[in-house]
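J.: Residue numbers (the numbering used here): 15 to 207.
Calculated from the structure, these hints are not laboratory results. Since the structure is predicted, the reported quantities are computational estimates derived from the model, not experimental observations. A few of these clues could be false.
No more than 25 Å apart at the CA atoms, straight line, and that leaves these computed lysine to aspartate or glutamate pairs for DMTMM-like [said to hold, decoys possible]: (1) 71 x 166; (2) 46 x 83; (3) 71 x 162; (4) 46 x 95; (5) 71 x 184; (6) 71 x 115; (7) 71 x 90; (8) 46 x 67; (9) 71 x 102; (10) 71 x 155; (11) 46 x 31; (12) 71 x 150; (13) 71 x 178; (14) 71 x 59; (15) 71 x 132; (16) 71 x 107; (17) 71 x 160; (18) 46 x 73; (19) 46 x 115; (20) 71 x 127.
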Amino acid sequence: ELYVLQQEQVVESQQEELASTRGQLERIDETKAQMMPMMLAMIADLRTFVEADLPFKTEMRMERLAQLDTAMSAADVTPAERYRLIVEAYQAEMQYGNTIDTYQGSITNAAGETIAVDMFQYGRVALVYYNPANGEVARWDRTANDYEGAWEVLPSSFRRPIQDAIRIAEGTAQPAVLTAPLTPFTWPDPNAQ
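Model the full assembly from the supplied sequences, consistent with the hints where possible.
T.: Laid out in structure tokens, this is it:
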């Protein structure tokens, strides 16, 4: 009798679990409908962040956003896969703030010429370049052009620290304390005319 009583409790528990699962399955379409606007908003927020951030690896970052847009409209991509891709994109963006990196890039100078430079990214703190052709160094000034940003040529005293930072990021020099040409950031006054 004790065994039968125990088995009846197990069966009752399983029936409750089945009822709960049926209820969840009935609400799955509602959950999917709520997830889509949330995921689209997450992508829009990420796009806004990338556009407002330092302009490093812009092509790669915009390509990642384009891939998210494609995944959101592809019929063969499940909602779980879409969400995973979005989370991965957020993680990649978050990682940029914790690293230093160097890469070959190009800038357009005041004369409209495209010049190959060595870029160096100090997390999200600073973005600088070194032009090996003429030794020019510059940093991205977020506050220039009404907060659109622009390259600001730096004094030659920054050339050596930037070259050292590039070597450290490449792994050809020992890690050391780096000096970064920073601009104090202040939010634009929303009441300014």
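J.: Hint by hint, say whether it matches the structure.
T.: Hint-by-hint comparison with the structure:
{"no.": "1", "hint": "71 x 166", "result": "19 Å, holds"}
{"no.": "2", "hint": "46 x 83", "result": "17 Å, holds"}
{"no.": "3", "hint": "71 x 162", "result": "17 Å, holds"}
{"no.": "4", "hint": "46 x 95", "result": "13 Å, holds"}
{"no.": "5", "hint": "71 x 184", "result": "16 Å, holds"}
{"no.": "6", "hint": "71 x 115", "result": "10 Å, holds"}
{"no.": "7", "hint": "71 x 90", "result": "29 Å, violated"}
{"no.": "8", "hint": "46 x 67", "result": "31 Å, violated"}
{"no.": "9", "hint": "71 x 102", "result": "17 Å, holds"}
{"no.": "10", "hint": "71 x 155", "result": "17 Å, holds"}
{"no.": "11", "hint": "46 x 31", "result": "22 Å, holds"}
{"no.": "12", "hint": "71 x 150", "result": "20 Å, holds"}
{"no.": "13", "hint": "71 x 178", "result": "21 Å, holds"}
{"no.": "14", "hint": "71 x 59", "result": "18 Å, holds"}
{"no.": "15", "hint": "71 x 132", "result": "12 Å, holds"}
{"no.": "16", "hint": "71 x 107", "result": "11 Å, holds"}
{"no.": "17", "hint": "71 x 160", "result": "22 Å, holds"}
{"no.": "18", "hint": "46 x 73", "result": "31 Å, violated"}
{"no.": "19", "hint": "46 x 115", "result": "39 Å, violated"}
{"no.": "20", "hint": "71 x 127", "result": "19 Å, holds"}
Against the hints set out earlier in the document, violations occur for numbers 7, 8, 18 and 19.
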